[in-house]
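Engineer: Now for the letters of each chain:
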Amino acid sequence: MKRIHAIHLAGYAASLALTLAAFGIAKFGWLDGALALVAIGLAGLVQAAIHLRAFLHLDFKGSQREDLQLLLFAAVLIAIMVGGSLWIMFDLGHRMM
Amino acid sequence: MTDTTTDAQGVRPHAGIPLEHPDAETAHATERAVFGFWIFLMSDLVVFALLLATYAVLLRGNTGAPGPAEVIELAYAFPETLLLLTSTLTLTFASVALREDRARGVYGWTFLSLALGAGFLALEGAEIAGLIGKGHIPQVNGFLSGYWLAIGTHGLHVAIGVVWGLILIAQFWIYGFCPAIRSRLVRFSLYWHMLDVVWIAIFTVIYLPGSLVS
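The listed protein sequences correspond, in order, to chains A and B. Number 34 in full-length UniProt numbering belongs to position 34 of the first sequence; there are no gaps in the numbering. Number 24 in full-length UniProt numbering belongs to position 24 of the second sequence; there are no gaps in the numbering.
FYI, nobody ran anything at the bench for these hints, they're computed from the structure.
For lysine to aspartate or glutamate, the following EDC-like pairs were computed, each having C-alpha atoms within a straight-line distance of at most 20 Å:
1) A/K27 with B/E127
2) B/K134 with B/E73
3) A/K2 with B/D101
4) A/K61 with B/E20
5) A/K27 with B/E70
6) A/K2 with B/E100
7) A/K27 with B/E73
8) B/K134 with B/E124
9) A/K2 with B/E20
10) B/K134 with B/E70
11) A/K2 with A/D59
Please work from the sequences and hints to get the whole structure.
Structural biologist: Following this line, the structure appears as structure tokens:
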């Protein structure tokens, strides 16, 4: 089998395992409370990273420098806007109680 | 895999499925278009991130029932997830077939991916019809507004993707495997794979925590 197929199939198998684990935690209550939320969040983050590497072929060894800068810029934007929104709105919600 | 720092024409490729280009001009044009498309994808990602942040904020501004526990059903979300994940795999087969100039592979795998995407949309349609049937419409409370907004925007993207993919198949059929249309499939696959990444964020933030509460 060609290497590119191997990368795609490995990405699919890993994603499937993480998806099943995350849904299993939610459906069958394998973990409780905050631990379950953390495990589901981690599984989602790892799966997103696997998708970026295996399916979108994001790889900074072979590609151009602008790709890295673009991704970092988007990550900074998301961190500021999402983090800032949640911080302000939850703080406001807390003060309204 | 021919992942090297530069391809045969000495062009450093942007992230995406690596294609063989007939000449340096085509290589440059394709890479430029792929980078432009990455900029669009990142802006789209910012939109989805903010929709999920909006959901998280509205989730707490909930004027009583119905909350996530009454509304969210993993019976829809789970098969939807499997359909979208599998369509991502089958579309990589189409990209590899394109790299190797296997026309039947490109048609077959692209069409299968679109069919799986249509299956996702059918399930999501059934889920939304069920919500409407129970009176769980966006106007009811903050949670439902955020929920409809997030899954609706994603579903609209998938629907646009299915139409785009069908147009792409028609263009391959009419114009053949010329460089301009080959590079469109590269961008289409980036779009499709990114939508699956967005779906991971949606089920991680909305569906799974929502069903935990129950």
